[in-house]
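Listed in order, the protein sequences are those of chains A and B.
Each residue of the first sequence is one higher than the one before, starting from 21 at the first, in the working numbering.
Each residue of the second sequence is one higher than the one before, starting from 399 at the first, in the working numbering.
Some hints here could point you the wrong way.
Which stretches of chain B does chain A cover? Using the computed rule of at least three CB atoms under 8 Å from a CB of chain A, they are [unchecked claim]:
id	region
1	454-460
2	574-582
The calculated label-pair distances, taken between Cβ atoms and stated as ranges, are [what the hints assert, rightly or not]:
id	chain 1	residue 1	chain 2	residue 2	range
3	B	D589	A	R112	51 to 61 Å
4	B	R549	A	A203	31 to 41 Å
5	B	S550	A	N115	32 to 42 Å
6	A	P88	B	G423	31 to 41 Å
7	B	P592	A	N52	57 to 67 Å
8	A	P88	B	E475	51 to 61 Å
9	A	A203	B	S550	28 to 38 Å
10	B	V498	A	P211	36 to 46 Å
11	A	E84	B	S464	53 to 63 Å
12	A	N115	B	P592	32 to 42 Å
13	A	M73	B	R442	35 to 45 Å
14	B	P570	A	R112	45 to 55 Å
Derived from the structure by calculation, the hints contain no laboratory data.
Predicted model, so just to flag it, every value in this text is computed and none were measured.
Every residue gets a Cβ at the ideal spot worked out from N, C-alpha and C, and that includes glycine.
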Amino acid sequence: MADELKDLKIELSKNGIFTTTIEEIYNWGRKNSVWPLTFGLACCAIEMIATTMARYDLARFGAEVFRPSPRQADLIIVSGTVTKKMAPQVVRLYNQMPEPKYVIAMGACAISGGPFRDGYNVLRGIDRYIPVDVHIPGCPPRPEALIHAFMTLQKKIEDQALAGSARPRHLKADLPSEFPVPAFGPHGLEPAENPEVFRNEPGNPLKVIQ
Amino acid sequence: MASGAPRPTTAERKSRNEAGGPGAGVTLLENGSPSAQHSLLLDREHARAVAEFLRDHAVLRLDFCSLVTGVDWPDRETTEKVRVRKTVTGPDGAETLQEVEETHKTRVPGYLEAVYHLYSMTQKHGPVVIRMRTANRGEDARLPSLTPVWRSAEFQEREAFDLYGIVFDGHPDLRRILMWEGFTDYPMRKDYVPPADDALQEVHG
Numbered sequence: 021m022a023d024e025l026k027d028l029k030i031e032l033s034k035n036g037i038f039t040t041t042i043e044e045i046y047n048w049g050r051k052n053s054v055w056p057l058t059f060g061l062a063c064c065a066i067e068m069i070a071t072t073m074a075r076y077d078l079a080r081f082g083a084e085v086f087r088p089s090p091r092q093a094d095l096i097i098v099s100g101t102v103t104k105k106m107a108p109q110v111v112r113l114y115n116q117m118p119e120p121k122y123v124i125a126m127g128a129c130a131i132s133g134g135p136f137r138d139g140y141n142v143l144r145g146i147d148r149y150i151p152v153d154v155h156i157p158g159c160p161p162r163p164e165a166l167i168h169a170f171m172t173l174q175k176k177i178e179d180q181a182l183a184g185s186a187r188p189r190h191l192k193a194d195l196p197s198e199f200p201v202p203a204f205g206p207h208g209l210e211p212a213e214n215p216e217v218f219r220n221e222p223g224n225p226l227k228v229i230q
Numbered sequence: 399m400a401s402g403a404p405r406p407t408t409a410e411r412k413s414r415n416e417a418g419g420p421g422a423g424v425t426l427l428e429n430g431s432p433s434a435q436h437s438l439l440l441d442r443e444h445a446r447a448v449a450e451f452l453r454d455h456a457v458l459r460l461d462f463c464s465l466v467t468g469v470d471w472p473d474r475e476t477t478e479k480v481r482v483r484k485t486v487t488g489p490d491g492a493e494t495l496q497e498v499e500e501t502h503k504t505r506v507p508g509y510l511e512a513v514y515h516l517y518s519m520t521q522k523h524g525p526v527v528i529r530m531r532t533a534n535r536g537e538d539a540r541l542p543s544l545t546p547v548w549r550s551a552e553f554q555e556r557e558a559f560d561l562y563g564i565v566f567d568g569h570p571d572l573r574r575i576l577m578w579e580g581f582t583d584y585p586m587r588k589d590y591v592p593p594a595d596d597a598l599q600e601v602h603g
């Protein structure tokens, strides 16, 4: 939104007139009803479950409905160690989610392999195969950290433009919404990473940390 | 019995015949640590018969196999210093008979080992640790399966097969259990090298 429009909006709100845009109200609705996938891999999943329970109460953010099917989910929280044997299933679940879809990589293992990095069956971060929106460090991260990641994601959704060149991946027809599922090879996963997703060059549209 | 061991007494021979038939090789491996958890090394030919004896004997009744695991003993070299007398040519060309120290290297071939921990639920004693060793770490990495004796060994023998490459003859369903079908390595072996594609990547700030 242009700056003068923003100023006008603030000016109007001072006089008791509230204005909004389609983009704002659309994103406001989206960010307050992010439904995660019922999906946990290891000990981080226990913290994720704790986050949804009464003490931390993720329901305050409109995300209490964990969907049992990827077809109904907006968010996949990769919570725990991704083994090489499990990685194809994680990518497949992500591919089955409808757009717009988001990924939180929760904990040291999901972002890098963590303490098990050198294990023979451990994937060194899920961002090798799918684009991750929010990374949370920690082993495991506390529920507050997951809530913070959630608020970061909400902020990100709120700021997404619906039109223009800055619009996100799911609104650009030429960018993929599904990613190749790695295959089991004789020594490890093939390919070992998806360079389109994993490439670290600044400006990579699929890499979220810019 | 290991060569050079004292001749078995009649009672010992009798119990051994009872255990695994004549010639059954059962060696006691002593554990010198404070835990003193000694183990029995069974030979491959008679292991099944000895295992059945351990399970069925009225006093032993080792009816529960709680653990099966593998151990990799890679090929190793031992060096030994020996003093020998031989003719040595000095810098001035004179030959003298001297005592020289020579280093002899011997290659000790490696093997894979399967370890079983047995308990008795009825007699409330245990553990009894038994071991078996393969002939080598290559083609002949084979051991008789003890799954027909203790059913609880099934998955754990599959795990030892998956991670160490020990082939258990007589196992009802010997497939990989942790790694996928088509994986060709044995990751818990000492000489396993993980694929090199996992190098740490530079992160742009």
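Verdict for A:N115, B:P592 (Cβ pair) under range 32 to 42 Å: 27 Å, violated
Coverage of the region 574-582 of chain B by chain A (three or more Cβ within 8 Å): Result for this restraint: holds, n = 7.
Outcome for the supplied range 31 to 41 Å, where the beta carbon pair is B:R549 and A:A203: For B:R549 and A:A203 the Cβ distance comes to about 35 Å; the hint holds.
Outcome, coverage hint (the region 454-460 of chain B, chain A; C-beta under 8 Å; three residues): violated (count 0)
Satisfaction of the hinted span 28 to 38 Å by the C-beta atoms belonging to A:A203 and B:S550: 34 Å, holds
Assessment of proposed distance window 45 to 55 Å (beta carbons of B:P570, A:R112): 32 Å, violated
C-beta pair A:E84, B:S464: status relative to the range 53 to 63 Å that was hinted: 43 Å, violated
Range hint 35 to 45 Å (beta carbons of A:M73 and B:R442) holds or violated: Violated, since A:M73 and B:R442 (Cβ atoms, about 55 Å apart) do not stay within the stated range.
Range hint compliance [Cβ, B:P592 to A:N52, 57 to 67 Å]: 44 Å, violated
B:S550 paired with A:N115, Cβ distance criterion 32 to 42 Å: 39 Å, holds
CB-CB spacing for B:E475 and A:P88 relative to the 51 to 61 Å hint: 58 Å, holds
Verdict for B:D589, A:R112 (Cβ pair) under range 51 to 61 Å: 34 Å, violated
In terms of the numbered hints stated before, the structure departs from hints 1, 3, 6, 7, 10, 11, 12, 13, 14, listed from lowest to highest.
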